[in-house]
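Colleague: Residue numbers (this note's numbering), protein chains in the order written: chain A, 1 to 263; chain B, 1 to 111; chain C, 1 to 141.
If you are wondering where the hints come from, they were derived from the structure by calculation, not from laboratory data.
Accuracy of the hints is not assured; some may be wrong.
Pairs of lysine-lysine residues, derived as BS3-like cross-links and limited to a Cα-Cα distance of at most 25 Å, are as follows [unchecked claim]:
(1) Lys-88(C) - Lys-59(B)
(2) Lys-39(C) - Lys-70(C)
(3) Lys-88(A) - Lys-33(A)
(4) Lys-70(C) - Lys-59(B)
Here are the simulated distance ranges between beta carbons [said to hold, decoys possible]:
(5) Gly-13(B) - Pro-94(C): 28 to 38 Å
(6) Ser-102(A) - Ala-12(B): 41 to 51 Å
(7) Ile-175(A) - Pro-79(B): 33 to 43 Å
(8) Ala-38(A) - Lys-90(C): 20 to 30 Å
(9) Leu-60(B) - Lys-39(C): 27 to 37 Å
(10) Arg-16(B) - Asp-139(C): 31 to 41 Å
(11) Pro-111(B) - Ser-134(C): 14 to 24 Å
(12) Leu-108(B) - Gly-81(A): 28 to 38 Å
Incomplete in silico selection of chain B near chain C, CB under 7 Å [stated by the list, open to error]:
(13) Leu-55
(14) Leu-60
(15) Ile-61
(16) Glu-65
(17) Pro-66
(18) Gly-67
(19) Thr-68
(20) Ser-71
(21) Tyr-75
(22) Leu-76
(23) Phe-78
(24) Pro-83
(25) Gly-87
(26) Glu-92
All values derive from a computational prediction rather than experimental measurement.
Each residue gets a CB set at the ideal place from its N, CA and C atoms; glycine is no exception.
Chain by chain, the residues:
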Amino acid sequence: MRPNPRGIGIRLGLLAALLCGAAPAAPWPDNTKLSGNAFLPPGLLKLQGDVNNSPITLWLDKGRALWTDSSTGPSCQNCHGPAESLKKSAASFPRLAAKGQSLIDLEDQIVTCSARTGRLNARAEDDEVLALSAVLHEAARGQPIDVQAPPGQAAPWQAHLSHGAQLFTTRRGRINLACVHCHEQNVGRQMRADVVSPGNPTGFPIYRMSWQRLGTLERRLRACYSGVQAVLPAVGAPDLRDLELYLKVRANGMPLDGPSIRR
Amino acid sequence: MATNIPSRLTFAGAIRPGNTIEARWIVGHPMETGFRIDDAGQRILRNVITQVRVLLNGKLILELEPGTGMSANPYLTFPVTVPLTGGSVRVEWLDDAGQRGSVQQLLLLEP
Amino acid sequence: MLARRACLALAAAPFLAPLVAQAEVINVSAAELVAMHLKADGITLDFPSLADTGASVPLGADIVAPAGQKIESIEVFLPANPNTRALKLKLAEPLAHFVFTTRLRLAGSQDVWVVATLSDGSRIGARAPTVVTSSACFDAS
Chain A
1 MRPNPRGIGI RLGLLAALLC GAAPAAPWPD NTKLSGNAFL PPGLLKLQGD
51 VNNSPITLWL DKGRALWTDS STGPSCQNCH GPAESLKKSA ASFPRLAAKG
101 QSLIDLEDQI VTCSARTGRL NARAEDDEVL ALSAVLHEAA RGQPIDVQAP
151 PGQAAPWQAH LSHGAQLFTT RRGRINLACV HCHEQNVGRQ MRADVVSPGN
201 PTGFPIYRMS WQRLGTLERR LRACYSGVQA VLPAVGAPDL RDLELYLKVR
251 ANGMPLDGPS IRR
Chain B
1 MATNIPSRLT FAGAIRPGNT IEARWIVGHP METGFRIDDA GQRILRNVIT
51 QVRVLLNGKL ILELEPGTGM SANPYLTFPV TVPLTGGSVR VEWLDDAGQR
101 GSVQQLLLLE P
Chain C
1 MLARRACLAL AAAPFLAPLV AQAEVINVSA AELVAMHLKA DGITLDFPSL
51 ADTGASVPLG ADIVAPAGQK IESIEVFLPA NPNTRALKLK LAEPLAHFVF
101 TTRLRLAGSQ DVWVVATLSD GSRIGARAPT VVTSSACFDA S
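Whole structure, please, built from the sequences with the hints as guidance.
Modeller: Pasting the structure below:
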């Protein structure tokens with residue numbers, strides 16, 4: 001019996017629909033002014049909101065305990081008071097370091113503070129630093145991102161910002177794509193299990209399911225470099241800070257909503 | 001080097017004598033499978049929680065033997081029947097590296 | 001430093017077995033599980049048919065023992081994982097009804113099996129399939 005072309009066509013169409021429409025039936029948004037939370041599948045969104053189930057709570061519990069821990073030196077509380085009093089802090093990073101021309105992000109500041117208070121070996125992706133970052137970002141929830149040039153240092157700040165913008169629009173890696181190609185031109189499109197978000201850094205630090213750990217924006221940016229098969233910049237590289245500055249300024253005004261869960 | 005592994009034990013449901021409530025336990029353990037290779041090409045040693053004991057008022061009610069098939073930062077919910085006078089639930093664990101940990105939560109009877 | 005200690009501990013494991021916990025690894029294949037012809041009555045599994053990531057897949061299980069029986073222990077198997085037994089729960093006080101949820105780590109798409117051993121030594125078991133999708137980008141961070 002000859003195969004029915006229309007029947008085959010219908011079956012292929014259904015198969016294509018099944019392959020393309022993985023998660024929710026409604027299409028993903030393509031608005032570039034949205035938080036990453038808008039691109040989470042319902043299961044992960046529910047996990048994020050469930051305090052007793054979410055792994056983020058482990059880091060928040062640890063951070064709250066560390067905030068008042070004075071075993072190695074003065075505690076954070078000793079100088080800063082309660083974490084809530086620093087609620088505008090997370091929204092203003094990255095900043096120009098006090099003495100030089102280099103940019104620092106919130107985790108860099110926590111590492112510096114840690115060294116001052118007796119924790120000399122702290123690194124940005126350590127659980128303790130991540131825990132404190134989580135606490136500070138939780139305190140800053142709802143605060144609009146507000147990254148501005150410091151008075152009197154507009155020139156170096158602007159240079160970092162321009163370099164960040166340039167990095168955002170430069171093709172790189174074996175895959176030869178620039179950030180704009182995905183995060184501006186293809187927002188809402190699916191790549192296997194991932195959905196392309198606009199890349200607004202409102203939800204950091206993130207518990208990325210593939211990391212099974214909390215991580216910083218810097219780590220996520222390095223992951224992006226590996227995604228396009230480019231050489232990863234070293235941890236702490238100026239390029240990563242410049243990119244972070246550009247992303248934050250691009251998202252200025254958007255409310256912080258971290259820490260969050262991501263795929 | 002003993003790092004302080006965070007853990008949380010909470011309950012859902014009315015804590016009244018005879019009620020069966022849901023206990024939720026989460027622990028911040030990396031559950032290293034032993035299959036991963038680090039940047040230097042060296043295999044990262046397996047370190048998973050291998051034994052968990054759940055005690056209700058000091059008496060063992062549940063014993064778990066997790067393996068590498070449990071995800072990192074393990075999470076488990078299980079039923080607990082509230083005793084007549086309440087009490088406490090304690091979860092203790094042991095991992096491949098010999099590290100022990102525990103978390104406890106009181107069962108405060110609701111009026 | 002921890003790695004070195006763990007390494008020494010594992011090397012000395014046969015001599016230190018009582019001191020350092022070593023999980024027995026029970027490997028059973030999907031074929032063996034099917035061959036057991038386990039009855040699934042009384043077991044309800046909640047498992048996503050499509051998992052975003054293999055690293056953390058939520059499993060819910062509601063087990064009701066047949067009339068007159070109690071649940072003594074429960075085992076969760078992932079036959080396509082390198083170590084197929086993901087979890088064993090031993091009920092120190094056997095119960096007729098047990099509900100639990102947890103998160104599993106899957107090496108790839110497969111069925112999860114939840115097998116309960118009853119007070120008379122018999123077993124009941126149910127399985128649920130899932131497809132583990134890959135993430136789009138390689139992450140070397």
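Colleague: All hints, please: hold or fail.
Modeller: To see whether the hints hold, each was checked on the structure:
| no. | hint | result |
| --- | --- | --- |
| 1 | Lys-88(C) - Lys-59(B) | holds, 19 Å |
| 2 | Lys-39(C) - Lys-70(C) | holds, 15 Å |
| 3 | Lys-88(A) - Lys-33(A) | holds, 21 Å |
| 4 | Lys-70(C) - Lys-59(B) | holds, 19 Å |
| 5 | Gly-13(B) - Pro-94(C): 28 to 38 Å | violated, 21 Å |
| 6 | Ser-102(A) - Ala-12(B): 41 to 51 Å | holds, 48 Å |
| 7 | Ile-175(A) - Pro-79(B): 33 to 43 Å | violated, 50 Å |
| 8 | Ala-38(A) - Lys-90(C): 20 to 30 Å | violated, 44 Å |
| 9 | Leu-60(B) - Lys-39(C): 27 to 37 Å | holds, 29 Å |
| 10 | Arg-16(B) - Asp-139(C): 31 to 41 Å | violated, 48 Å |
| 11 | Pro-111(B) - Ser-134(C): 14 to 24 Å | violated, 52 Å |
| 12 | Leu-108(B) - Gly-81(A): 28 to 38 Å | holds, 31 Å |
| 13 | Leu-55 | violated, 9 Å |
| 14 | Leu-60 | holds, 4 Å |
| 15 | Ile-61 | holds, 5 Å |
| 16 | Glu-65 | holds, 4 Å |
| 17 | Pro-66 | holds, 5 Å |
| 18 | Gly-67 | holds, 5 Å |
| 19 | Thr-68 | holds, 5 Å |
| 20 | Ser-71 | holds, 4 Å |
| 21 | Tyr-75 | holds, 5 Å |
| 22 | Leu-76 | holds, 5 Å |
| 23 | Phe-78 | holds, 5 Å |
| 24 | Pro-83 | violated, 12 Å |
| 25 | Gly-87 | violated, 15 Å |
| 26 | Glu-92 | violated, 12 Å |
Comparing the model with each earlier hint shows violations of hints 5, 7, 8, 10, 11, 13, 24, 25 and 26; every other hint is respected.
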